[in-house]
Amino acid sequence: MQDDNAPISRRKFAEELERYRKGSVSRRHFLGVTGLGTAMAVMAGAMPMLRPRGAHAADLGDRAVLATWPNYHDVENFAIFQKETGVATQVNVFGSNEEMLAKLQAGGSGWDVFVPTNYTITTYVDADLIEPLDLSKLPNYDAAAFDARFADAGTVNGKLYAVPKNWGTTGMAWDSTKAKAPFTSWKEFFDLTMTDFSGRTMVHDYQLTTIGNALKYYGYSFNSVDPKELADAEKLLLQVKPHLFAISSDYQPSMRNGDAWMTMCWTGEGKQMNRDIPEIHFALGKEGGEIWSDYYAIPKNAPHREAAYALINFLIDPQVNAREATAHGFPVADSRVNALLPKEVLADPILYPAADLLNVQEFGAAATLTDPNRAELMARFKSA
Amino acid sequence: MTKARARWLLLGPAGLWYAALLVLPLAVVLVYSLGERAPAGGYAPALTLAQYANLGSRWTAFQNTLVLAPVGTLAALLIAYPLAYFLAVKSNPRWRTALLVLVIVPFWTSILIRSYAWIFLLGGRGIPALLADLGLGDIRLINTPFAVLVGIVYGYLPLMVFPIYVSLERLDKRLLEASSDLGAPPWRSFLQVTLPLSLPGVATGSMLVFILLMGEYLIPQMLGGGKVFFVGNALVDLFLQSRNWAFGSAMAVTLVAVMLVTVTLYMRFLSRIGAARDDVGLM
Numbered sequence: 001m002q003d004d005n006a007p008i009s010r011r012k013f014a015e016e017l018e019r020y021r022k023g024s025v026s027r028r029h030f031l032g033v034t035g036l037g038t039a040m041a042v043m044a045g046a047m048p049m050l051r052p053r054g055a056h057a058a059d060l061g062d063r064a065v066l067a068t069w070p071n072y073h074d075v076e077n078f079a080i081f082q083k084e085t086g087v088a089t090q091v092n093v094f095g096s097n098e099e100m101l102a103k104l105q106a107g108g109s110g111w112d113v114f115v116p117t118n119y120t121i122t123t124y125v126d127a128d129l130i131e132p133l134d135l136s137k138l139p140n141y142d143a144a145a146f147d148a149r150f151a152d153a154g155t156v157n158g159k160l161y162a163v164p165k166n167w168g169t170t171g172m173a174w175d176s177t178k179a180k181a182p183f184t185s186w187k188e189f190f191d192l193t194m195t196d197f198s199g200r201t202m203v204h205d206y207q208l209t210t211i212g213n214a215l216k217y218y219g220y221s222f223n224s225v226d227p228k229e230l231a232d233a234e235k236l237l238l239q240v241k242p243h244l245f246a247i248s249s250d251y252q253p254s255m256r257n258g259d260a261w262m263t264m265c266w267t268g269e270g271k272q273m274n275r276d277i278p279e280i281h282f283a284l285g286k287e288g289g290e291i292w293s294d295y296y297a298i299p300k301n302a303p304h305r306e307a308a309y310a311l312i313n314f315l316i317d318p319q320v321n322a323r324e325a326t327a328h329g330f331p332v333a334d335s336r337v338n339a340l341l342p343k344e345v346l347a348d349p350i351l352y353p354a355a356d357l358l359n360v361q362e363f364g365a366a367a368t369l370t371d372p373n374r375a376e377l378m379a380r381f382k383s384a
Numbered sequence: 001m002t003k004a005r006a007r008w009l010l011l012g013p014a015g016l017w018y019a020a021l022l023v024l025p026l027a028v029v030l031v032y033s034l035g036e037r038a039p040a041g042g043y044a045p046a047l048t049l050a051q052y053a054n055l056g057s058r059w060t061a062f063q064n065t066l067v068l069a070p071v072g073t074l075a076a077l078l079i080a081y082p083l084a085y086f087l088a089v090k091s092n093p094r095w096r097t098a099l100l101v102l103v104i105v106p107f108w109t110s111i112l113i114r115s116y117a118w119i120f121l122l123g124g125r126g127i128p129a130l131l132a133d134l135g136l137g138d139i140r141l142i143n144t145p146f147a148v149l150v151g152i153v154y155g156y157l158p159l160m161v162f163p164i165y166v167s168l169e170r171l172d173k174r175l176l177e178a179s180s181d182l183g184a185p186p187w188r189s190f191l192q193v194t195l196p197l198s199l200p201g202v203a204t205g206s207m208l209v210f211i212l213l214m215g216e217y218l219i220p221q222m223l224g225g226g227k228v229f230f231v232g233n234a235l236v237d238l239f240l241q242s243r244n245w246a247f248g249s250a251m252a253v254t255l256v257a258v259m260l261v262t263v264t265l266y267m268r269f270l271s272r273i274g275a276a277r278d279d280v281g282l283m
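In order, the protein sequences belong to chains A and U.
All residue numbers for the first sequence refer to the UniProt record's numbering, where the first residue is 1 and numbers rise by one.
All residue numbers for the second sequence refer to the UniProt record's numbering, where the first residue is 1 and numbers rise by one.
Please note that the accuracy of each hint is not assured.
Think about it this way: if two alpha-carbon atoms lie no more than 25 Å apart in a straight line, the pair counts; the simulated DSS-like pairs of lysine-lysine are [to be verified]:
{"hint": "1", "chain 1": "U", "residue 1": "90", "chain 2": "U", "residue 2": "173"}
{"hint": "2", "chain 1": "A", "residue 1": "180", "chain 2": "A", "residue 2": "286"}
{"hint": "3", "chain 1": "A", "residue 1": "159", "chain 2": "A", "residue 2": "187"}
{"hint": "4", "chain 1": "A", "residue 1": "235", "chain 2": "U", "residue 2": "227"}
{"hint": "5", "chain 1": "U", "residue 1": "227", "chain 2": "A", "residue 2": "187"}
{"hint": "6", "chain 1": "A", "residue 1": "286", "chain 2": "A", "residue 2": "228"}
{"hint": "7", "chain 1": "U", "residue 1": "227", "chain 2": "A", "residue 2": "241"}
{"hint": "8", "chain 1": "A", "residue 1": "300", "chain 2": "A", "residue 2": "137"}
{"hint": "9", "chain 1": "A", "residue 1": "241", "chain 2": "A", "residue 2": "286"}
{"hint": "10", "chain 1": "A", "residue 1": "180", "chain 2": "A", "residue 2": "159"}
{"hint": "11", "chain 1": "A", "residue 1": "241", "chain 2": "A", "residue 2": "228"}
{"hint": "12", "chain 1": "A", "residue 1": "178", "chain 2": "U", "residue 2": "227"}
Chain U stretches covered by chain A per the calculated footprint, using a threshold of three residues with CB under 8 Å from any CB of chain A [said to hold, decoys possible]:
{"hint": "13", "region": "39-46"}
{"hint": "14", "region": "242-255"}
Don't read these hints as lab results, they were simulated from the structure.
Model, not experiment: these values are computed from the prediction.
We put the beta carbon where it would ideally sit given N, CA and C, even for glycine.
Using the sequences and the hints, build the whole thing.
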């Protein structure tokens, strides 16, 4: 890590810019907060000359619209898919599951494939926003290849609605040169934020993880919607707020340039920072926290349904998925893919934490997503 | 065709435009604001004022907006006036166009990109590092209300410069000569001739900047680190995060109402000043 006072070098700036240009994490924030992602999708749809062209799209059509997370695919794969099928993939990037849900609830999203997280799928089914999958069109899907805990949420009321993409955890990343001892718990995370790390900590702009981890401080469930427990979490968050550097899910730029020393952090991003700056460490809370699994799904009324099936089937092909995993660095649940990945990756403690640490983590719950009290708590915390 | 019919026909397109893009959306927002949040988020029909009763929970957002919008407008005015004065009165006419273009040039780049540049400038390796080298200690700028203020003043400065520039440029130079001939020192000429005559520009610029600041969302989000919350930020969160469309609509209606009241008061105030000025002539 560079010393605090050194100005950012021209090269570093160029790298940052390049990271942003390549659709790295800062775009989550960038596109998320501005709605530019959606605006771009709408524009591209409305202007024929901006539309990607397919060469030989017989029955699939010439494009598929994918709503996904930033830095979550190998762009090369989309080019190969287009070469093979003539279908150009148009990628929209999102900042939160709430935002994805809001867009689908509003209607007219124009998406063909989207990437919901485990705990949101029942809500999509209840709201009739998602389509049951026709497995005959997904020959590359092999249910037996998946650890059930990463695939379960795709099935609702006995019907398959979504197939697993990647899984991961939400832990904490910190600059080890600033810490006296490694962090191991959310209790330490919040306590040290109010002392040694005052003004240097970031929490997500995301109720699920920010409130969930504050609940873990007291040993409550990550998913609690109990008013009394939420009141405790709120007290802690309001107490911590003056000591925060920022409330933002775009933490990589601030962590990398040294403005922030610690942040709540998703697995793959922790790995990305650790790979570039080894002094940045990543750990899970030993009291628990979030473990998650993302899925591919098709919204109701997808304009290019056949292309959607073709795209999902292509992306879950083990060879293709191995390239995806190599590019984005998030763990894969598909054992066929893991067989193709290098041993060091599978042994990486950031990506694949020890079983005892993993077992105390909780999957988000549907009630957590839609609970009005948690939403209000987050708003009060942010506006305090 | 009668004259009356022709008039209606000609007004038609504008009327439709007005109805479809202003009246109708506002009506929808008004109806939504009386509804409820559906259990999984969104809008559920109802007839209740509960959303309005809950507005107090967003008081901080209104407070931040109602403080930073006027302060930002004032700061922009204090910086823009000397600049506009220089451009209109003191600069060499040969360079004037080029200088004016320089004021507009930043507008060619998205406010988003320019705000990102400010993140670097105000971040730990930017201006604070420079100040630390000068021995001013550990100063944090990014993610503070000050950073937001810098961002909004920077972002909206040209909107303030141009109206003032136009009003100063039109100023009849003979009035200044007359003032000088009658023995007024330059500062007096400025206070009694230039400043009053440029007030329409000041009023227009301030109004433009103030209205935009009241709805500001992007700059607080980017330079405030999610900690400096404006009404605009509260609205975005209500629609995209908590998906409480009813409450969001109630807040939007309230924001429109607050703006109508403030802007009306401001106009009243201006016309009173204008009337007072006319009463005594140019003093």
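These are the hints, each one checked on the structure:
1. Proposed proximity of residue 90 of chain U and residue 173 of chain U is supported: the alpha carbons are some 12 Å apart, at most 25 Å.
2. With a C-alpha separation of about 18 Å, the suggested pair residue 180 of chain A and residue 286 of chain A falls inside the 25 Å cut-off, and the hint holds.
3. Proximity of residue 159 of chain A to residue 187 of chain A is assessed by CA-CA distance (about 40 Å); at most 25 Å being required, the pair is judged violated.
4. Under the criterion of a C-alpha separation no larger than 25 Å, the hint pairing residue 235 of chain A with residue 227 of chain U is consistent with the structure, at around 17 Å.
5. The suggested pairing of residue 227 of chain U with residue 187 of chain A holds, with an alpha-carbon distance near 22 Å, which does not exceed 25 Å.
6. A threshold of 25 Å between alpha carbons decides the hint, and for residue 286 of chain A with residue 228 of chain A the separation of about 23 Å falls inside it, so the pair holds.
7. Restraint check for residue 227 of chain U and residue 241 of chain A: satisfied, since their Cα atoms lie roughly 8 Å apart, inside the 25 Å limit.
8. With a C-alpha separation of about 16 Å, the suggested pairing of residue 300 of chain A with residue 137 of chain A holds against the 25 Å cut-off.
9. Among the hinted pairs, residue 241 of chain A with residue 286 of chain A is consistent with the structure: their alpha-carbon atoms are about 23 Å apart, no more than 25 Å.
10. Proposed proximity of residue 180 of chain A and residue 159 of chain A is contradicted: the alpha carbons are some 51 Å apart, above 25 Å.
11. Only pairs whose Cα atoms come within 25 Å are accepted, and residue 241 of chain A paired with residue 228 of chain A is accepted, the gap being roughly 20 Å.
12. For the hint pairing residue 178 of chain A with residue 227 of chain U, the CA-to-CA distance comes to about 24 Å; that is within 25 Å, so the pair holds.
13. A stretch counts as covered by a chain when three or more of its residues have a beta carbon under 8 Å from one of that chain; for the region 39-46 of chain U and chain A the count is 4, and the coverage holds.
14. Under the rule that three or more residues need a Cβ within less than 8 Å of chain A, the assignment of the region 242-255 of chain U holds, with 3 such residues.
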